[in-house]
Amino acid sequence: MTALVISEHDNSELKGATLNTISAALQLDEEIHVLVAGSNCNTVAESAAKANGVSKVLYVDSPEYENFLAENISLLIKNLSGDYSSILAPATTNGKNYMPRVAAFLDVAQISDISSIESNDTFQRPIYAGNCIATVTSSDDVKVITVRTTAFDPVPSDSGSAEIVKLEEINDAGISQFIKDELAESDRPELTAADVIISGGRGMQNGENFNLLEGIADKLGAAIGASRAAVDSGFVPNDYQVGQTGKIVAPNLYIAVGISGAIQHLAGMKDSKVIVAINKDEDAPIFQVADYGLVADLFTALPEMESKI
Amino acid sequence: MKILVPIKRVVDYNVKVRPKADESGVDLNNVKMAINPFCEIAVEEAVRLKEAGVAEEITAITVGESSAQEQLRTALALGADKAILIETEYEPQPLGISKALKSIVERDNPDLILMGKQAIDGDNNQTGQMLAALLGYPQATFASELKISDGKAEVTREVDGGLQTISINLPAIVTSDLRLNEPRYASLPNIMKAKQKPLESLSAEELGIDLNPRISTVKVSPPPEREAGIIVESIDELVDKLKNEAKVIT
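Going line by line, the protein sequences match chains Y and C. According to our numbering, the first sequence holds residues 1 to 309 in order. According to our numbering, the second sequence holds residues 1 to 250 in order.
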């Protein structure tokens, strides 16, 4: 039985989420193929071939895949699907966008955001913002799955030697056009891959005060995140958001500053190894999940913390 | 332009749900139900398009049990013109819901289908994309801005790295993210008026839709509990614990 893993990349780099997804696929099937579809993305195909456990990389290089438009990439995956017992993608915004389209083309139900694999048809997945864990069984022949990447350790990416097979598959649905990306430029690690995250909430009061997190983030090599309240208030852009509908993270250390701890935020970070909460309200729900809580005014606590780490 | 807005009845977002004691499902006894927050944003966006003169007619639709009429009335009170309930005995799943919606789209030919990106109960994030595939329509998911002109929709989408803007040909499916708009509150006169607006009731069986669940729930369990932590008294103590007890910083 063979699984097809859809890679996540930006046409120059293979994203780590792919390695977590391969790890999940290896629990399901013996043989793993990885699809690299993009434009001028041969370096991505080479990286994917080095991932452990992969036997074949399907490499499709054509302009209509450059921006991962769901209309085009879902047709490609549908055309390739015949040989596979499972098709997996990371539950990134790309995977969430094109994968249900693939499932509907194949007339199968998608199993979204799996956090554990019980057998080749039974999976665990969080529902209700992670307040419940559902164990579900799929009766479909092909399993179309998105993977919660924080729940699966990445496979090593240095010793694989998969065959790269170049395919000529042109699928331009012609109904959608890319206009532009406005992506944040940052030297910090990506939120979903960071070892340490420091996040700010409504208590930060404005965007400028996020500078107080920067110094600590610099010292710890941390990524900076935010609660929905902070994003909605315009303090920071949307790609900072951690939570049920933002990014799901599970770093070694998560520092929540001025975040009350709504269940929708907890859904995105409560699998972190160590959680620190700094909040002046001692009744804030965030303290119920924090390993270390400090009841303090963040405007004095943060500069002190920066000087002492 | 006609807009179809599929909505879902879900547990109110403020309720912290728990599994039933026998783990056979989620305990929904006496919990407050509401329109899914993302669906409410979709309704609001449709109403704004109508107020701007871009759209003429808004139809809200749901697939579910008859009690979902309540949420359709909410959509009508917010400004939808009419509503459709497709009744089913099954707890519908995204693939089945998209098939039911497809049959109505083919009957009524809306130019735009505006819906929430996910329902906060199942957290599946599938139905809009599946409906787009079944109809062969383009899709713009996770929308934070929507402009309609010349038979196209220009949509800014919230993606992992920031924002992406795409243009899609109508008819199309757009799914709303949190920051597309802030929904209004329904006024009392509008709530009263909503009671008089037309609500069409159909059964999935008479539409010939297969709503058989493909995914069955074996059990629903509570998530692993975190051990209760401690309150530290100072930054010095916090830094010491992180270095020497948790060993997560050096």
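Think of the hints as simulated: they come from the structure by calculation, not from any bench. Hints may contain errors.
Straight-line distance between alpha carbons at most 27 Å, and here's what the computed DSS-like set of lysine-lysine pairs gives [as the list claims (entries may be wrong)]: (1) C/Lys247 x Y/Lys219; (2) C/Lys197 x Y/Lys273; (3) Y/Lys219 x C/Lys241; (4) C/Lys102 x Y/Lys273.
Quick rundown of the hints versus the structure:
1. For the suggested pair lysine 247 of chain C and lysine 219 of chain Y, the alpha carbons sit about 16 Å apart, so the restraint of at most 27 Å is met.
2. A distance of roughly 52 Å separates the Cα atoms of lysine 197 of chain C and lysine 273 of chain Y; the hinted pair therefore is violated under the 27 Å criterion.
3. The hinted pair formed by lysine 219 of chain Y and lysine 241 of chain C meets the criterion: a straight-line CA distance of about 17 Å does not exceed 27 Å.
4. A C-alpha spacing of about 44 Å is found between lysine 102 of chain C and lysine 273 of chain Y, which places the hinted pair above 27 Å, so the restraint is violated.
In this structure, the hints that do not hold are numbers 2 and 4, in rising order.
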